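A.B. asks: Dock chain S against chain X, hints included.
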Amino acid sequence: MDSENHTTASADPNEGFLRLWTHHEPELRAFVHACMPQAAEVDEVMQEVSLAAWRKFPTLTDHTQFPRWACLIARYEILMARRRHARGRLVLDEDIVAKLAEEGAEEISVRHRQLDALDACITKLPRERRELALAAYAPGASIKDLAAQLGRTEGSLYQLLARIRQELLRCVEHTLAQEAHAP
Amino acid sequence: MTQDQLDLLHGYLNSTLDEADFARFQSLLRDSAEARRTLRSLSTVEAKLTQLAAIHPETVRLLSETARESRPSARWLSWRPLTAAAAGIALGMFCTSVVFGYVGPRVAEKVKVVFAEGFESGVTKTEPGLSREVGHWSGDEAEVVKTASEMKAHGGAKMLRFLSATYPGENSPRSQWGDVYRIVDVRGLAGAGLTATRVSASFARGTVDAEAQFSCSVEAMALEQDLSELPSRLDLMWLRQHSSAAGLRKVALSSAQEWKQVSVEVPITPETRYVILHLAIVQDRPALESGVVQFPGHFMDDVKVELITRP
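Those protein sequence lines, which keep their order, are chains X and S.
With our numbering, the residue at position 131 of the first sequence is 131, and numbering never jumps.
With our numbering, the residue at position 211 of the second sequence is 1211, and numbering never jumps.
For reference, chain S alone in the conformation it holds in the complex:
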């Protein structure tokens, strides 16, 4: 494609074409399969940037910094609803859950760490299934292991190793997600003002088959219900349907033996009682027709839940 033709595509994406150029652009699209293909690819770039911008904490940094630098007295604060799709989850169709992003300078915010887990003591493995109790790691098979030459813990001497995308007794016919869960009690901790919870965790993979592709995922769900109101057989679908707010971030784990921190931030109401952590490793490729993924070397460390209150 010529530069002039590319300029037309970018002008369209920027919404800066005048009437005459828009007519040329439409003519180009009618006649050129390559132009249409390039437009679809450039739109994919835009879709990805939009998705990341909506859920990436880094997004707000430039806006915040530039706002502070250029307008030092300006204090602009806004909550902006994101689409469920932008957050990579589909919740709105089933319930009233809303995913929010936050844009604005982090002025005088109070950060309180309400949960931190480095797997250094206590827990040795996950309990099977999704526990309804506070203080337990549950979910698919995973165990705490010591740092080793092939993989060092992110902090301290231990980390959690994902073993399987299922747990004994689940009898799952097909699964590529290794999920672990934790319920964190935040009753009475959401202060006056706008409170958000930020959940972060670090993930890494050891040396694995180069053909396989994996991602890690951090999801936070805010619950206003009491634990006694939870169904006896709790599952992820129920949590997503009944959470008052939720957010998810999924990131590719591309480099071996490099820790990648992933975080997600979700606003919570003063009525929020619990934050449910859903942390996972996913085998993206190869896709399985059947069977359950056994993870060859995937780890998690330094899980943290913070409450952030902004006046």
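Isolated chain X, as found in the complex:
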């Protein structure tokens, strides 16, 4: 109906922002996730990024630059969150987070294509694996509880999830390679 996402003609800046945010949120979330894989921290950072981006949106003159611009905001919020959680377990050093974020910002279009390809790749997973993966990543799901329910050890479930992730990544790479070579 209205201009989808990069609209520069939208009369309502809220609407323009909402459309851009809705469109690019998945790859921004993946970008944040790569720098801090704990789901709760990702949610926290995404909330901060969305608020900061919304407040600063009037200063963005070229809406085609929204993904890159939002990545810069996200990078700052990631580093702030990293400092808040510095005493936590498995918190990456700041220089590594900065490097992941800097390179990740250059790959935002790759993130978009990977997320698109994942729809089909997840569908291709055998049903049992697909359901297991989705159950493991469900909000509030506990690997310990899931392992108990399935009669498996936590370790074997973690290994299986790693294999599923790796399988999905191979599928994504294969899909994108095929697209790149398509006439």
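Hints listed in this document are in silico derivations from the structure and should not be mistaken for laboratory results.
It is possible that some hints are incorrect.
Said to hold, decoys possible - Derived pair list, reagent style SDA-like, types lysine to any residue, alpha-carbon separation capped at 25 Å:
id	chain 1	residue 1	chain 2	residue 2
1	S	K1146	S	P1168
2	X	K124	S	S1263
3	X	K124	S	H1154
4	S	K1260	S	L1194
5	X	K99	S	A1020
6	X	K144	S	K1304
7	X	K99	S	T1016
8	X	K99	X	H112
9	X	K99	X	R83
10	S	K1146	S	Q1261
11	X	K56	S	A1020
12	S	K1260	X	R130
To be verified - According to the in silico footprint, chain S covers these stretches of chain X (three or more CB under 8 Å from chain S):
id	stretch
13	71-80
14	96-110
15	113-121
16	128-138
Claimed, not checked - Derived contacts from chain S toward chain X, CB cut-off under 7 Å, selection only:
id	residue
17	R1036
18	L1042
19	A1047
20	K1048
21	A1054
22	R1187
Please read all numbers here as calculations on a predicted model, not as lab measurements.
Idealized CB from N, CA, C, for every residue including glycine.
C.D. replies: Showing chain S alone in chain X's frame:
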């Protein structure tokens, strides 16, 4: 990358690294651009699984079934707030809307179909704009067509065909979304207990340019306001800002001539008066710099709204 290095990445994602392995992992990330790139890609896989798990009805099935199988007497029921982002929408920053997911066995739930549309009779096309009245299909240009050899209706003999990402009079400079809307009256239908509304629709595309990529989207918004309180010029932004709950699911339409059912489930309060359906086809690629998408062959059928009450 070696298997040992990949194990470090997965160990990090699983949060199972000990101190020594975490030091090796950090060292690997400092030294290897490939390791950093792979970590970002694996994180993207995780982000997608998290997104789908939060909004996909299939998600709860395994948990529910395993819960029933392993603990037959267990009845665990929980409402879990999802992030707006996980649902693919950003609402929380503007309003008090909350998107919820439901995890738990579907024990003794009551399902009531409150709206079903197969486009078999009555409606012939959408009304332009977003109607404020119950019982009308409105939005961008779309028309009811008969089943044909190149595309058969999902059920019956007719279906809705999306025509354009705008409607006459909108004068949109740029649009890739073909949106249609329907207001469904649910006053007094939310019973005692936890009630959710499930909105589903089936989408398909005919044979279109292989370069173009399309998605379909189902969004449900619960309104507690009376229709007389709606603004005279109603728009999607207003609905998202003022809905008491909302949920959206967007799925790629990758295969031609295959119907894909998409559903979204949103909890509603007993005060909910209306459920707004927002159903859309989106041209994801190529992105337009300007202009409005004319849909070459995109269809919708079998729209259904159910109220699910769980004690």
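A.B. asks: Look at each hint and say if it fits the structure.
C.D. replies: Results for each hint:
Between K1146(S) and P1168(S) the CA atoms are separated by roughly 23 Å; this keeps the pair inside 25 Å, and the hint holds. For the proposed pair K124(X) and S1263(S), the alpha carbon gap of about 20 Å is at most 25 Å, so the pair holds. For the given pair, K124(X) sits about 23 Å from H1154(S) by alpha-carbon distance, which is consistent with the 25 Å threshold. Of the supplied pair hints, the one linking K1260(S) and L1194(S) is violated, its CA atoms being roughly 28 Å apart against a limit of 25 Å.
Distance restraint check for K99(X) and A1020(S): the Cα-Cα separation of roughly 22 Å lies within the 25 Å cut-off, and the hinted pair is therefore satisfied. Our distance criterion of 25 Å between C-alpha atoms is broken by K144(X) and K1304(S), whose separation comes to about 37 Å. Note on K99(X) and T1016(S): the hinted pairing holds, with a Cα-Cα distance of about 23 Å set against a maximum of 25 Å. Between K99(X) and H112(X), the direct Cα distance comes to roughly 20 Å. Compliance with the 25 Å bound is thereby established for this hinted pair.
Under the criterion of a C-alpha separation no larger than 25 Å, the hint pairing K99(X) with R83(X) is consistent with the structure, at around 16 Å. A threshold of 25 Å between alpha carbons decides the hint, and for K1146(S) with Q1261(S) the separation of about 20 Å falls inside it, so the pair holds. A distance of roughly 42 Å separates the Cα atoms of K56(X) and A1020(S); the hinted pair therefore is violated under the 25 Å criterion. Using a Cα cut-off of 25 Å, the hinted pair K1260(S) and R130(X) holds, with the two alpha carbons roughly 18 Å apart.
For the stretch 71-80 of chain X, the stated coverage by chain S is not satisfied: 0 residues place a CB nearer than 8 Å to a CB of that chain, which falls below the threshold of 3. With 6 residues bearing a CB less than 8 Å from a CB of chain S, the stretch 96-110 of chain X meets the requirement of three and the coverage assertion stands. Residues of the stretch 113-121 of chain X lying with their CB closer than 8 Å to a CB of chain S number 6, which satisfies the three-residue condition for coverage. Coverage of the stretch 128-138 of chain X by chain S holds. Counting CB-CB distances below 8 Å, 9 residues qualify, and the rule asks for three or more.
Given hint, R1036(S) at the interface with chain X, holds; its Cβ is 6 Å from that chain's nearest Cβ, closer than 7 Å. Annotation: L1042(S) was flagged as interfacial toward chain X, and the flag holds, the nearest CB pair being 6 Å apart, inside 7 Å. At its closest, the beta carbon of A1047(S) sits 4 Å from a beta carbon of chain X; the interface hint therefore holds under the 7 Å criterion. The beta carbon of K1048(S) comes within 4 Å of a beta carbon in chain X, closer than 7 Å, and the hint placing it at the interface holds.
A least Cβ separation of about 6 Å between A1054(S) and chain X falls short of the 7 Å threshold, and the interface hint therefore holds. Given the 7 Å rule on beta carbons, the hint for R1187(S) is violated: about 27 Å separates it from the nearest Cβ of chain X.
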